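J.: Given chain C's structure and the hints, the job is docking chains L, X and G onto it.
In case you want the letters, here they are:
Protein chains: 4
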Amino acid sequence: MKRIEDGKDYVESLRGRGLKVYLFGELIEEPVDHPLIRPSINALAETYELALREPDLATTYSPLIEDRVNRFLHIASSAEDLVNQNKMQRKLGQLTGTCFQRCVGMDALNALYSVTYEMDEKYDTKYHERLKVFIAEMQRCNYVVGGAMTDVKGDRSKAPQDQADPDLYMHIVDRDDEGIYVTGAKAHQTGCVNSHWMVVMPTMRVDPGGVDYAVSGAVPVDAPGIIYIYGRQSCDLRVLEGGTPDVGNLNFAGQEALVIFDKVFIPWNLVFMDGEYDFASMLVERFTAYHRRSYVCKSGVGDVLIGAAATIADYNGVERASHIRDKLVEMTHLNETIYSTGICSSYQAYPTRSGCYMNDEMLANVCKHHVTKYPYELGRIAQDLAGGIVVTLPSGRDLDNPETGDLLRKYLKGREEVDTEDRMKILRLIENMTLGRNAVGYLTESLHGAGSPQAQRIQISRTMQIEYKKGLAKKLAGVKEEVDSKQEALEFMGRVFRTNPYEGN
Amino acid sequence: MKRIEDGKDYVESLRGRGLKVYLFGELIEEPVDHPLIRPSINALAETYELALREPDLATTYSPLIEDRVNRFLHIASSAEDLVNQNKMQRKLGQLTGTCFQRCVGMDALNALYSVTYEMDEKYDTKYHERLKVFIAEMQRCNYVVGGAMTDVKGDRSKAPQDQADPDLYMHIVDRDDEGIYVTGAKAHQTGCVNSHWMVVMPTMRVDPGGVDYAVSGAVPVDAPGIIYIYGRQSCDLRVLEGGTPDVGNLNFAGQEALVIFDKVFIPWNLVFMDGEYDFASMLVERFTAYHRRSYVCKSGVGDVLIGAAATIADYNGVERASHIRDKLVEMTHLNETIYSTGICSSYQAYPTRSGCYMNDEMLANVCKHHVTKYPYELGRIAQDLAGGIVVTLPSGRDLDNPETGDLLRKYLKGREEVDTEDRMKILRLIENMTLGRNAVGYLTESLHGAGSPQAQRIQISRTMQIEYKKGLAKKLAGVKEEVDSKQEALEFMGRVFRTNPYEGN
Amino acid sequence: MKRIEDGKDYVESLRGRGLKVYLFGELIEEPVDHPLIRPSINALAETYELALREPDLATTYSPLIEDRVNRFLHIASSAEDLVNQNKMQRKLGQLTGTCFQRCVGMDALNALYSVTYEMDEKYDTKYHERLKVFIAEMQRCNYVVGGAMTDVKGDRSKAPQDQADPDLYMHIVDRDDEGIYVTGAKAHQTGCVNSHWMVVMPTMRVDPGGVDYAVSGAVPVDAPGIIYIYGRQSCDLRVLEGGTPDVGNLNFAGQEALVIFDKVFIPWNLVFMDGEYDFASMLVERFTAYHRRSYVCKSGVGDVLIGAAATIADYNGVERASHIRDKLVEMTHLNETIYSTGICSSYQAYPTRSGCYMNDEMLANVCKHHVTKYPYELGRIAQDLAGGIVVTLPSGRDLDNPETGDLLRKYLKGREEVDTEDRMKILRLIENMTLGRNAVGYLTESLHGAGSPQAQRIQISRTMQIEYKKGLAKKLAGVKEEVDSKQEALEFMGRVFRTNPYEGN
Amino acid sequence: MKRIEDGKDYVESLRGRGLKVYLFGELIEEPVDHPLIRPSINALAETYELALREPDLATTYSPLIEDRVNRFLHIASSAEDLVNQNKMQRKLGQLTGTCFQRCVGMDALNALYSVTYEMDEKYDTKYHERLKVFIAEMQRCNYVVGGAMTDVKGDRSKAPQDQADPDLYMHIVDRDDEGIYVTGAKAHQTGCVNSHWMVVMPTMRVDPGGVDYAVSGAVPVDAPGIIYIYGRQSCDLRVLEGGTPDVGNLNFAGQEALVIFDKVFIPWNLVFMDGEYDFASMLVERFTAYHRRSYVCKSGVGDVLIGAAATIADYNGVERASHIRDKLVEMTHLNETIYSTGICSSYQAYPTRSGCYMNDEMLANVCKHHVTKYPYELGRIAQDLAGGIVVTLPSGRDLDNPETGDLLRKYLKGREEVDTEDRMKILRLIENMTLGRNAVGYLTESLHGAGSPQAQRIQISRTMQIEYKKGLAKKLAGVKEEVDSKQEALEFMGRVFRTNPYEGN
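Protein sequences, first through last, are from chains C, L, X and G. First residue of the first sequence? That's 1 in the working numbering, and the numbers climb one at a time after it. First residue of the second sequence? That's 1 in the working numbering, and the numbers climb one at a time after it. First residue of the third sequence? That's 1 in the working numbering, and the numbers climb one at a time after it. First residue of the fourth sequence? That's 1 in the working numbering, and the numbers climb one at a time after it.
Quick caveat, the hints were computed from the structure, so don't treat them as lab data. Check the hints yourself; a few may be wrong.
Quick list of the computed label-pair ranges, beta carbon to beta carbon [to be verified]: (1) X:Arg-156 to C:Tyr-123: 42 to 50 angstroms; (2) G:Asp-33 to L:Arg-462: 51 to 59 angstroms; (3) L:Arg-462 to X:Pro-402: 41 to 49 angstroms.
Heads up, simulated SDA-like pairs for lysine to any residue below, C-alpha to C-alpha not over 25 angstroms straight-line [claimed, not checked]: (4) X:Lys-158 to X:Lys-263; (5) L:Lys-480 to X:Arg-38; (6) G:Lys-475 to C:Gly-405; (7) G:Lys-480 to C:Lys-20; (8) X:Lys-475 to L:Thr-420; (9) X:Lys-475 to L:Asn-251; (10) C:Lys-20 to L:Asp-406; (11) L:Lys-373 to G:Leu-334; (12) G:Lys-132 to G:Glu-30; (13) L:Lys-20 to C:Pro-402; (14) L:Lys-132 to L:Asp-33; (15) L:Lys-263 to L:Ala-164.
A quick note: this is a predicted structure, and the numbers were derived from the prediction, not measured. For glycine and all other residues, C-beta sits at the position ideal for the given N, C-alpha and C.
Same shape as in the complex, but just chain C (with noise of 0.2 angstroms):
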């Protein structure tokens, strides 16, 4: 297949694939026609336009294929690609103000090309070369990747081999010399009907128990036996009210959809996992690590959604009163602490044993951690500065009418020189990331998304070396007791003392 080079060509790639994809009960013709769907290929299209705008910023130089690759495609090789791709994420949430869905795909190949690694090292299997021809075709034609990992879990408290229905989580059912069969359904998947390819993997970690649930492979999306269920999103019908300014965000929205397989079957050369169950908790913490710190996305949403909260309090008369002030100085302190948080954890980033460069995993927590609260926070914000107004907002089809339309333009004026519709399109944009469309994306999908606040805390715990900092403050203290100062050259503590970040450990 030819290589996808802008936006246009992404969009035409789509077509004609005859991805079975429902939505209220039906299936779906073309989804790249679909009112309620193209939003979300609009977004993800910017992922390519970008790069040709600034492609400092969004494509980089890959030895795989000795050429410049979109950085979505890019296997990290220093810190600074890692920080770079926070970077391009800001960016892109700047320009869409939603989720472009294309972030999974890009932290899977990375965290499968230094576990699959690991992997050939221990049981001598061949899954990192396989891996690599992978990754350099999907360079090759710019393709957009997904990464399916969250299982839809059923019973929370039991193992997956312990559910009352075994499909529960993703599980080899079948294997033949050409290749593996799996069943299952991912939940809430990213851009899954926008992608060419999906690569599977396992949700959690898997005990010896439960070998088959320890998978990993690259399927395309139209393989035989998968069907999407799209799912709904708030006031996902206003997009087909036909050009009411009721949509908030005009052209852009996010995509999540459940996606089940039935006996999908992967060819070796295409699987990267099978049976591994001791690396299957490695896969996670490596794409979760690099997931958590992708959430940096959202500082560049909430850009938009400070933007917003500013000029609804321009359009009211007041963006100069103290207190209207102050609370877009606290949305700004908010939104850069998830900034920051990210960056750092990209910039201390380490080489793995296969080359490929891994951020923080401590810092990787807090960044996502505060993106599970802070969103919510600055959408609290937005609601206060926009007023009232902003849920009880009449349709914009009453603007048409001749006999409300008039009215409205009258009453529901701000400052004098601002058009009333004006006013109207960007109350309806906060409605849009606060509790609409979008608020999906920026606030549950913050909060949900490479794991919930609890998955977070529960990783902190893990890399706190709190038996270093208990050693600190027996020191201070006058304590004698044997502590093990080895502890600090390891994990995070070595990673926060190495004075050249980009020569690894």
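T.: Same frame as chain C, but now just chains L, X and G:
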């Protein structure tokens, strides 16, 4: 007209009134039968039903008609009356999970009761008697009275009379022998279409240059010259989908509309303020003091959300996990803080000169200020417990399609014993309350209703008796400055240290 | 002994008792005259003085002796009694800026009153009558009674009887015809040296294996076998510097000591529990329910801190700056939340079978849980307003040195009109309350007294009626499951929806 | 003078200088030997020792003297230099648990480096060369340089020249051929008595009416006319008790003093600003940008406190309890946020025209703003884990008294395996850091050092590029207004989207 006895009577009383209500650009034939409007009528009808089921809680004896009346129409003659309003509000929040729309009128009538009394004392007017006649009539008929205060405000940095368009605050445009004529618009009017009468009031202090903005009076909701433009809500279209569980809260919703008055006539016997600009701020402050504590209703809605969060945790099999339990505790802690501060405000009431009791202003503001934050945090935690599926759940119609229905039932199952559709219903209820239709009332209305956060901070600033507190500190530190000891006995601290709360100052 | 009438009587009553009190490694001759101890006596003396100055607030009629008694010795016979305890507590917090040490006994006697009644019902014991005789005697003499609950606890992961040393929880080590003998230690006992009697109680639930740990009884503070090791406080030595303003709060401080019991004898007529292990947790829970709401006193201390913060802002010339004003509002908002939640707990009281009223447990825990956080935030804001000088101020003695005194007066001046020494005094008061001697009571005791934060969360978890709330959600979402409607009428929700609060359930 | 090589040299270099230091109303003979002052000298000495032990972390190559220098004396020539300052600061916070006092000078020299360069460009002055000579001398001798900025300020509502007393801000009172003479006072000067030189700077913007307040220059700390009045600290007297564990942090403490200048002479070759009032605010802003991010040191101190909290939980037998573990996670989360935001500010540095690198202002303010809150919350949680005993622990001297020592060892025991005295030491360390001597530095200095919270909010307000963000929102909402796209490339956003951080703009 005959007295409304129950919810059914109430619904019937709304039919055939010829209100001019616009929604989605069209004039609605009969609001009562409109599927999008009906849930808000159902919620209000519960105020009638509760009065029958629990008369102690929702009715009381009124000396005005020497009979028991619905508590929403009662003039508070004791602190206990005010406390019991709050208890009724919490119960109705529990029963409907939304805004039941009858508090504004209750608080407006109570505020007017004492303010008209004091206006008459000063100006020898007859407002108080007129008001009593009006209230008695409302009690006899058991009507719903809306309170219309919030003007659309235009440029917030300018006074009413300094706006580019004089109509951006309601004002008297004409007077004759029969009465007055008012023009303007009242924004996001709770339950206005579901009311029988509306009482208009100024939205803020009026200075001498704006006497025609100091106006209050009662109008039937179908008075000539009034039109309603219905406010659209997040996810409002779901109710039109025909009975899917996607609606979340099956029967109840709130209602807010923009009400436009074009030279609407108010006869003198229903005029309660006509130019007494020096009483405008008193009326606003008393109304908001009542109304800010009326937000105790949100603790009832919060009970529903806590219950929903616990249910979904139970369905997921993790209700007993320590971090889940801890989050339910946190929700409860915040929710009961709203309740307690409201109750304490009511409990610490004092009699006005009219005999009507006024709750404590400081504590009402403390209560409402928590309400501008805590429901958002409860919402966030509820989404945390729900999991990401709360925003990616497929449409209810996908359950009906044979190709997808069984797959959803299989893959969206929680604990083995739980019906998948029940799990989906609870998820939809959480979505409804945190992003959807009732998030409008539970979140954004909590933020802005009865005054935005800054309004509470200003009011706390005014009533915090800072000189008295400085005196306490100076005394303990040995600073020799005169302290005004009389300060304590007045205002807030006077009420704090009153040992018999039911006797007043 | 003759009745203690006023503060002076009280101080005299403490002299010459031969208590064994150790401080800084030495046995103290006469605690009353020790400069480090005296401020704590002064604080307690205020409870006597207030009773004379404001008898409505600090005394009430007791049927036990058919006379008015100090409210600290009263058994609550109505919700109003409990509310008025809180009001008295706030006032005393305002007057002393510290812990006045008389609440523990009040709450202990009230808890024992109902628990002994119910023990007697079950076991046909005579505890309740004994207790009434004891209380009457305390009322007649107007004594200070300390409540001794907190054991030293050793290894917190083990039950009392499983500790390496059996004495780490107080227990009965011997019984004879005259009475019982107890050994153990009670930690950080508030005001113990300033009391006349102590009532010992178990510190937590006792299981059948630990019957000897289920013990309660009264002892005079100078009983043989008791020794006190005085707890040192932050900045405790300043009071020994001889009258410099560095002491901050000139006259008042708190007191806590470790009390060690070595086979201390309690005669049968003063034994209130002897092995009834199944009532230990009831006693602990009722005591803590009372005591957690007694922390309303901290809102009075908070008033002092708010006043000090406002004063220093005034002295610095910036009291009217919008961000300063806003911080005072924030302090007030938090402080009144403590007050309101406590009052609401008391208001929502119900009668126990003994006739003694019990405040609402849920709301008492909500109150105390705020107390574990808000004073710290008030302290932080007060330091913010004070400026860095609050921790870098030179010693008061530098004012007396001619070479430095005038320089300090010149350079530490605030607004021209303000005396520099007054400015220094207020700074020292803020230091005292946020880092110094009274920070012990205002901050750390607020955190741990009446139970650490986790204790409140456990108690909220127990009383939050989660099944009832699940029922609310299921009903609105259309889930068809049986809901136990009787649940509502009991426990917390029963009290919420009771319309006549003074009549009980 | 010979170069200071290690901590011992450093201590000796401070002897016999005849500084006029007052403490407790008396002139101190030799500060080096004063037990109350010595711990602050010990802390500073660690900056010398670390340079020997970990030269990569604490030294670097300086082109000014073509040799390695202590990093505290280095002019940053790359972003990496700034990042490594932060790493060194965290390490020293871990080693001392307090303020090591050498950052102010480092940040002052760096700020002056670029500001003098730009002054010279505009006014053709010679400040920059003078400064380079001075810095080279400091580097050669390895001196401690203090930065003296904070004036005493008097009435905060008035400008320097409008104060009742002109000396309330430092100003030039005379000039002659040799140099200038300055009078005024600098408040709470960190480590001034432990320094060799001080660099004075204006404390805020200066307007044309106040040219004599625009002054900067270097003076030896023992220059004629300077006197020091030592700031007393919470619990400062404990160190005089002779080696009891009550001191908490056995060896280290901070130091702040009031420094009074009475016509102190500065020769022309050490004058770095003389009336260039238009550069005063630039100097203040650059200094505070450096210094606000220098508070990363508090993450090192936080590591000690986290370690102490974990240790006491361990000693109490509850370290593995879920709520304890969760609190340690929370502490870590907050602590690493401080670290990350500071590092990100340094990482996002850019070169000034002088070649000296400047860290990002926005993120420095975000970092410092967290520092004004999080240490207080860490302190609160540490006290939570410590239990009430942290403020009621008897004096260490009670351990020595045979009548009480064994009782304390018996009753204050934690887990059986833990030595009671070790438990007491850790409790005292927590008291030291949250209420005692080092709470001054960890809490209050964190609040006010480098600017109080409002100062950060103002600076964030100035740099938040709100017009750029408005443009983002308008574009997505379809508002047709001109947006200034050049805005992005400048200031904060320019640095965010720069992909090669080490090359500057």
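J.: Does each hint hold? Answer for all of them.
T.: Evaluated hints:
1. Between Arg-156 of chain X and Tyr-123 of chain C the CB atoms are about 46 angstroms apart, so this pair conforms to the stated range of 42 to 50 angstroms.
2. The hinted window of 51 to 59 angstroms between Asp-33 of chain G and Arg-462 of chain L holds, with their beta carbons roughly 57 angstroms apart.
3. Against the hinted window of 41 to 49 angstroms, the Cβ-Cβ separation of Arg-462 of chain L and Pro-402 of chain X comes to about 47 angstroms, which satisfies the hint.
4. At most 25 angstroms may separate the alpha-carbon atoms for a hinted pair to count; Lys-158 of chain X and Lys-263 of chain X meet this at roughly 23 angstroms.
5. Of the supplied pair hints, the one linking Lys-480 of chain L and Arg-38 of chain X holds, its CA atoms being roughly 23 angstroms apart against a limit of 25 angstroms.
6. Restraint check for Lys-475 of chain G and Gly-405 of chain C: satisfied, since their Cα atoms lie roughly 24 angstroms apart, inside the 25 angstroms limit.
7. Annotation: proposed proximity of Lys-480 of chain G to Lys-20 of chain C is violated, straight-line Cα distance about 39 angstroms (limit 25 angstroms).
8. Using a Cα cut-off of 25 angstroms, the hinted pair Lys-475 of chain X and Thr-420 of chain L holds, with the two alpha carbons roughly 16 angstroms apart.
9. Pair hint Lys-475 of chain X plus Asn-251 of chain L holds up; C-alpha atoms about 10 angstroms apart against a cutoff of 25 angstroms.
10. Simply put, Lys-20 of chain C and Asp-406 of chain L have alpha-carbon atoms about 16 angstroms apart, close enough for the 25 angstroms limit, and the pair holds.
11. A distance of roughly 22 angstroms separates the Cα atoms of Lys-373 of chain L and Leu-334 of chain G; the hinted pair therefore holds under the 25 angstroms criterion.
12. Using a Cα cut-off of 25 angstroms, the hinted pair Lys-132 of chain G and Glu-30 of chain G is violated, with the two alpha carbons roughly 32 angstroms apart.
13. Between the alpha carbons of Lys-20 of chain L and Pro-402 of chain C the distance comes to roughly 14 angstroms, so the proposed pair stays at or under 25 angstroms and holds.
14. Between Lys-132 of chain L and Asp-33 of chain L the alpha-carbon distance is near 34 angstroms, which puts this suggested pair outside the 25 angstroms criterion.
15. The straight-line distance between the Cα atoms of Lys-263 of chain L and Ala-164 of chain L is roughly 19 angstroms, inside the 25 angstroms bound, and the hint therefore holds.
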